[in-house]
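At position 273 of the sequence shown (counting the first as 1) the number is 273 in the working numbering, and the numbers step up by one without a gap.
Do not rely on the hints blindly, as some may be mistaken.
Mimicking SDA-like on lysine to any residue, the simulated pairs with C-alpha atoms at most 25 Å apart in a straight line are [as the list claims (entries may be wrong)]:
no.	residue 1	residue 2
1	LYS61	ASP193
2	LYS61	LEU290
3	LYS61	ASP93
The following label-pair restraints were derived from C-beta to C-beta distances [unchecked claim]:
no.	residue 1	residue 2	range
4	HIS6	LEU263	18 to 24 Å
5	ILE46	GLY106	42 to 48 Å
6	GLN241	ALA86	40 to 46 Å
7	GLY129	LEU32	51 to 57 Å
Hints were generated in silico from the structure; no laboratory data involved. Backbone N, C-alpha and C fix where the C-beta goes; we use that ideal spot for every residue, glycine too.
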Amino acid sequence: MALCSHLFIDEAHHAEAPTRSTFNECSAGRVLQFTATPFREDGKLIYVYPFRKAQAEGYFKPIRFVNVIEFDPNRADEAIAMAAIAQLRADYDMGHILMARVETIGRAERVFQIYAQYPEFNPVQLHTGIPAGAREQARHKVLTREARIVVCVDMLGEGFDLPELKIAAFHDIRKTLSVTLQLAGRFTRHRQDLGDATFVANTADVNVRGELRRLYTRDPDWNLLLPQLSDVMIGEQQSMQDFLRGFTHFVDEIPLKAVRPALSTVVYKTRCEDWSPEYVRQGIPNVRLLRTGTHRHK
Numbered sequence: 001m002a003l004c005s006h007l008f009i010d011e012a013h014h015a016e017a018p019t020r021s022t023f024n025e026c027s028a029g030r031v032l033q034f035t036a037t038p039f040r041e042d043g044k045l046i047y048v049y050p051f052r053k054a055q056a057e058g059y060f061k062p063i064r065f066v067n068v069i070e071f072d073p074n075r076a077d078e079a080i081a082m083a084a085i086a087q088l089r090a091d092y093d094m095g096h097i098l099m100a101r102v103e104t105i106g107r108a109e110r111v112f113q114i115y116a117q118y119p120e121f122n123p124v125q126l127h128t129g130i131p132a133g134a135r136e137q138a139r140h141k142v143l144t145r146e147a148r149i150v151v152c153v154d155m156l157g158e159g160f161d162l163p164e165l166k167i168a169a170f171h172d173i174r175k176t177l178s179v180t181l182q183l184a185g186r187f188t189r190h191r192q193d194l195g196d197a198t199f200v201a202n203t204a205d206v207n208v209r210g211e212l213r214r215l216y217t218r219d220p221d222w223n224l225l226l227p228q229l230s231d232v233m234i235g236e237q238q239s240m241q242d243f244l245r246g247f248t249h250f251v252d253e254i255p256l257k258a259v260r261p262a263l264s265t266v267v268y269k270t271r272c273e274d275w276s277p278e279y280v281r282q283g284i285p286n287v288r289l290l291r292t293g294t295h296r297h298k
């Protein structure tokens, strides 16, 4: 028996975690889920609040992008830190806090040594390589603004609500658009007494690929690019869900959403006037020896 008629869940992209899934099954008849990361395929999107609409309605503040151009990897971290510190000094009276984002604990320790040269901002580290007690102390210093710089490894993402986080220094650029969008939303939340967000990154970083490349060019306008990329990504998810709903019967042992067939196409150009593509098999030598879909023949 359900314990309540309706259950509302935030951070719904974790809905498939075992504990949450069990709780959902026994607690409510109807479940409505909310997420700022709408890139799951095991639910139905019933409403989308676009990034650009949040900007237009004043929930998200504008973003300033400060680009650092440093091709030498050994000097890139220091260049990023210097630009971020300059912005922190300019925004200090507004209470802004600088987050330096890195990929690994080893990187956090090295980058922290750079920021430790600015003791007036009382920099701290926050990651799982630090004992739990020290992590709580560092977290408290950030929340109370005793520390105005925090070097972290994905520790200030979900569930960390601190509007003063307004400066993000990307020492390691996030590899996926969905996580970048979520982080951008966290830094651009509106509050009347706070200024705009600033992102600092090295645009000479050659490791940036794919959809993120547009965000890390010389002079990107994140206020235009983020809504565009967000619309495209959500549109792809909606199209996929519409496609999957077209299948009425499929074996239970293989979730349809997990099927990702590898596809390839070979295009031939012909100058002949009399062309009958339906007879393609007649043009393949020994076609009867081929087993379509199981072997590749060159």
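Do the hints match the structure? See the list:
Note on LYS61 and ASP193: the hinted pairing holds, with a Cα-Cα distance of about 12 Å set against a maximum of 25 Å. Our distance criterion of 25 Å between C-alpha atoms is broken by LYS61 and LEU290, whose separation comes to about 60 Å. Taking the CA atoms of LYS61 and ASP93, the gap is near 18 Å; set against the 25 Å cutoff, the hint holds. Between HIS6 and LEU263 the Cβ separation comes to about 42 Å, which falls outside the hinted range of 18 to 24 Å.
The beta-carbon spacing between ILE46 and GLY106, approximately 43 Å, falls within the hinted interval of 42 to 48 Å. Look at GLN241 against ALA86: about 45 Å separates their beta carbons, and that is inside 40 to 46 Å. A C-beta distance of roughly 38 Å is found between GLY129 and LEU32, which places it outside the suggested range of 51 to 57 Å.
Violated hints for the displayed structure, listed by number in ascending order: 2, 4 and 7.
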